[in-house]
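K.L.:
Sequence:
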Amino acid sequence: MRLALKTDKLPLQVGKDGVVRVANTRITLDVFVAAFENGATAEEIAQQYPSLNLADVYAVIAYYLRQRAAVTEYLRGRQVVAASIRQENEVRFNPRAIRKRLLARRTQ
Numbered sequence: 018m019r020l021a022l023k024t025d026k027l028p029l030q031v032g033k034d035g036v037v038r039v040a041n042t043r044i045t046l047d048v049f050v051a052a053f054e055n056g057a058t059a060e061e062i063a064q065q066y067p068s069l070n071l072a073d074v075y076a077v078i079a080y081y082l083r084q085r086a087a088v089t090e091y092l093r094g095r096q097v098v099a100a101s102i103r104q105e106n107e108v109r110f111n112p113r114a115i116r117k118r119l120l121a122r123r124t125q
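In my numbering, the protein residues as written are 18 to 125.
Hints in this document: simulated from the structure, not taken from any laboratory.
Cβ atoms here follow ideal geometry from the backbone N, Cα and C, with glycine treated the same way.
Treat the hints with caution; some may be incorrect.
For each label pair, taking beta carbons as the anchor points, the in silico distance ranges come out as [what the hints assert, rightly or not]:
(1) Gln65 x Asp25: 15 to 25 Å
(2) Asp25 x Arg116: 46 to 56 Å
(3) Leu71 x Ile102: 29 to 39 Å
(4) Gln104 x Arg19: 57 to 67 Å
Please put together the full structure from these sequences, using the hints given.
P.N.:
This is the structure in structure tokens:
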């Protein structure tokens, strides 16, 4: 009997917002890689995120390990965007002013 070798599609999708997610989930590659880099095993990741199946977890880990430089570059870009958004939000919604208002409400 011959074994039919077939290549499965990578379970990653780029959304309209440019964010890479594990296919058919809302789990971003950022979150996934952070869990893996923090020592979570494939089984732990699948358990932590029930919308993932174990085969997809292993496929994404394999992709990450084979394409580490490209993924790291993508993640750095995401960090830059996140820092920019955070900075915009802090300008629009000054955290000190918000804290001051909340403390004033507490004393009323």
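K.L.:
Checked against the structure, which of the hints given earlier come out wrong?
P.N.:
none
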